[in-house]
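Engineer: Chains A and B, in that order, give the protein sequences. If you count by this note's numbering, then the first sequence holds residues 1 to 346, one letter each, in order. If you count by this note's numbering, then the second sequence holds residues 1 to 326, one letter each, in order.
I should point out that these hints are in silico values taken from the structure, not numbers from a laboratory. Among the hints, a few may not be true.
In silico lysine to any residue, SDA-like type, Cα no more than 20 Å apart, as pairs [what the hints assert, rightly or not]: (1) B:K60 <-> B:K71; (2) B:K50 <-> A:L141; (3) B:K53 <-> A:T47; (4) A:K186 <-> B:P35; (5) B:K50 <-> A:Q183.
Computed from a predicted structure; not experimentally measured.
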Amino acid sequence: MSAVDVAVGVPEADAGHHGPWALALRRLLRNRTAMGSVVVLAVIVITAAAAPYYAKHIAQVDPFESNVTGTTTVDGKTVPVIQPNPSGLGSTPIGPTLERHYFLGADSQGRDVMARLLYGGRTSLEVSIAAALLTSLIATLLGLAAGFFGGWVDAVISRFLDILWAFPVYLLAIALSTVLLLQGVKIGPVSVDPASLWLPIIIIGGVYVPYVARPVRGEAFSIRHREYMEAAIAVGAKDRQLILAEMLPNVLPVVLVLLPLMIATNIVTEAALSYLSIGVQAPNASWGTIVEDGQNLLYTRPWVSVAPGVLIAITVLALNVLGDGVRDALDPRGSLRIRRRTRRMS
Amino acid sequence: MSAFVIRRLMSMLLVLFAISVLVFVIFFAIPGIDPSRQMAGRNPTPETIKAIKHEFGLDKPLPVQYVLVMKHLLVTRDLQSYSNRGVEVVPQILRATPVTFSLIIGAAVIWVFWSVVIGVAAALLRGTFWDPLLMSLALIGIAMPVFWVGEVANLFTQDRWHDTFLFSWVPPLGYTPFTEDPVMWFKHLVIPWITLALLYIGLYARILRSAMVEAEGQDFVRTARSKGISEQRVLGRHMLRVSMITFVSLFGLDFGALAAGGALLTEVVFGLPGVGRLTYRSLAGLDLPVIMATVLYGAFFIVIANALVDILYARLDPRIREPVTA
Numbered sequence: 001m002s003a004v005d006v007a008v009g010v011p012e013a014d015a016g017h018h019g020p021w022a023l024a025l026r027r028l029l030r031n032r033t034a035m036g037s038v039v040v041l042a043v044i045v046i047t048a049a050a051a052p053y054y055a056k057h058i059a060q061v062d063p064f065e066s067n068v069t070g071t072t073t074v075d076g077k078t079v080p081v082i083q084p085n086p087s088g089l090g091s092t093p094i095g096p097t098l099e100r101h102y103f104l105g106a107d108s109q110g111r112d113v114m115a116r117l118l119y120g121g122r123t124s125l126e127v128s129i130a131a132a133l134l135t136s137l138i139a140t141l142l143g144l145a146a147g148f149f150g151g152w153v154d155a156v157i158s159r160f161l162d163i164l165w166a167f168p169v170y171l172l173a174i175a176l177s178t179v180l181l182l183q184g185v186k187i188g189p190v191s192v193d194p195a196s197l198w199l200p201i202i203i204i205g206g207v208y209v210p211y212v213a214r215p216v217r218g219e220a221f222s223i224r225h226r227e228y229m230e231a232a233i234a235v236g237a238k239d240r241q242l243i244l245a246e247m248l249p250n251v252l253p254v255v256l257v258l259l260p261l262m263i264a265t266n267i268v269t270e271a272a273l274s275y276l277s278i279g280v281q282a283p284n285a286s287w288g289t290i291v292e293d294g295q296n297l298l299y300t301r302p303w304v305s306v307a308p309g310v311l312i313a314i315t316v317l318a319l320n321v322l323g324d325g326v327r328d329a330l331d332p333r334g335s336l337r338i339r340r341r342t343r344r345m346s
Numbered sequence: 001m002s003a004f005v006i007r008r009l010m011s012m013l014l015v016l017f018a019i020s021v022l023v024f025v026i027f028f029a030i031p032g033i034d035p036s037r038q039m040a041g042r043n044p045t046p047e048t049i050k051a052i053k054h055e056f057g058l059d060k061p062l063p064v065q066y067v068l069v070m071k072h073l074l075v076t077r078d079l080q081s082y083s084n085r086g087v088e089v090v091p092q093i094l095r096a097t098p099v100t101f102s103l104i105i106g107a108a109v110i111w112v113f114w115s116v117v118i119g120v121a122a123a124l125l126r127g128t129f130w131d132p133l134l135m136s137l138a139l140i141g142i143a144m145p146v147f148w149v150g151e152v153a154n155l156f157t158q159d160r161w162h163d164t165f166l167f168s169w170v171p172p173l174g175y176t177p178f179t180e181d182p183v184m185w186f187k188h189l190v191i192p193w194i195t196l197a198l199l200y201i202g203l204y205a206r207i208l209r210s211a212m213v214e215a216e217g218q219d220f221v222r223t224a225r226s227k228g229i230s231e232q233r234v235l236g237r238h239m240l241r242v243s244m245i246t247f248v249s250l251f252g253l254d255f256g257a258l259a260a261g262g263a264l265l266t267e268v269v270f271g272l273p274g275v276g277r278l279t280y281r282s283l284a285g286l287d288l289p290v291i292m293a294t295v296l297y298g299a300f301f302i303v304i305a306n307a308l309v310d311i312l313y314a315r316l317d318p319r320i321r322e323p324v325t326a
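In isolation and in its complexed conformation, chain A is listed as follows:
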């Protein structure tokens, strides 16, 4: 809330000296809560990016190689990574050692949970961010086209979006994932392997398009007949110039405000699909697949499942707070027509 007060307090005379983008950035930088979330996100992104370094130099294991018969050192003593149960039935992976090897223990295949968490975070972030960018790109193109050309172009695009909108997101995602997982995609020269990360990216990016395209279309529609558009037409601007130079910068705030929220929703969606085993596929690991891996160990080694969930919650929380900050910065008067909520699985 403080951000709104700050934003209102900015002397609007400043607007003459700085562009709207610089002004928005200044508002965002002054928002302490939002900046706090940026710090949290930066820490998460940096540690996830450092996954290979951690695996190689600190944990000194390959987090994708099972190590059922291996040993590690705890308090100077050598112990097996997978220990037979005292009862003689089955076996239990080692718990958190809080040492450099197996800091958070091992999973049922003797792999280092901490190293996998970092790699998982990398995958989760890559998939979520790439999917959000894909959604933004498609939604902006569709929204601009519908808003600019109007008429039958708008009618076709809007009806298409309406139908996708009526279709529950999770059912669409499940249908697409199951169909594509078996054989991958081959459309002309483009072929996507079933185990590729592109599959969840395309599916998650695709199902959320209507949620962004609709507000973009609304905004594009409302600026179609503004005076600056008519002025540009009067001086002989071409369609392409009108769209790129006049409309695009004016609908971009809508996309930017939604971007952190899109990434947050995507992280949860990716985790849910991976938990249902139809998201990220082995050998890749994501936070969602690690929660699923740990499910059978829940009562003996709860950290395998609990840790990735904590990271998902922290990341999503930080992205939501950042999203509020970005909205307050770009749209202090609440004039953009944005429907903030996106449906998700539960």
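We have chain A; now place chain B onto it with these hints.
Structural biologist: Relative to the frame of chain A, chain B by itself:
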């Protein structure tokens, strides 16, 4: 009014048709994918694939295939699972429906009650530290993945604290029908209800708070206050009432989505044999006929429910009956 109803039903039929085409395209007509191979599950025999080709007329043109698929799904309702030979799909879905409803109705009661309490409290306590505190808690509720909350709940209620007085009453994961043993039904469902409700309490408390704050700035509230109406009455009869409009319409959509199998993560974590878990079990075997049926029935349910909600709304609020332009 009747013009509105007809218009709304026509558009509903159109959307239903479009969705059935979309489902058909996803399952049968994505280029480069062999649908008979898809329908047959993980390790099909050549005979199964041949039978599927015949059943859905896969050598015939696409429109014929579409009609055949819809016939199996909607008219004769004899679509069979190939991974799980001979099990008819549609009756299976109908059997799972009461479980799903047991889960989501209980969760809805909890989430409506607590989100109204928290949302109204936060709006009233604006300016104190309670407002940001409650809203942060709501945000945390939104940020936690439901299946993970369920796992943590299981960890404590089934294992770590199960032998303490707190959770010794919690039965093992599973489900007992209400008609068989209402007490057991309740015990099985309490933890799932709370788990599922957490996310929605967070969402709805935030929505209600911002609607209340928005209502506070409006003329009719100022008028009510200036007339000397008691603050309680302004709050209950004016602010809360107008804020509930958004709340109720979103509730309709979310409840519909949950009824159509949207609660699948909760059902999976707690081993509740509802529609969502049916979908989940067919995911493991990539049992596409079951998935196709749950997807189509789920989407149909939501579209029809939305149309009914809209018609009900138009009865209550005449402004909605006008055709929307641009």
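Engineer: Now, for every hint given, state plainly whether the structure supports it.
Structural biologist: Going down the list of hints, with the structure as the test:
{"no.": "1", "hint": "B:K60 <-> B:K71", "in the structure": "holds, 15 Å"}
{"no.": "2", "hint": "B:K50 <-> A:L141", "in the structure": "violated, 43 Å"}
{"no.": "3", "hint": "B:K53 <-> A:T47", "in the structure": "violated, 51 Å"}
{"no.": "4", "hint": "A:K186 <-> B:P35", "in the structure": "holds, 14 Å"}
{"no.": "5", "hint": "B:K50 <-> A:Q183", "in the structure": "holds, 19 Å"}
Checked against the numbered hints above, the structure breaks hints 2, 3 and satisfies the rest.
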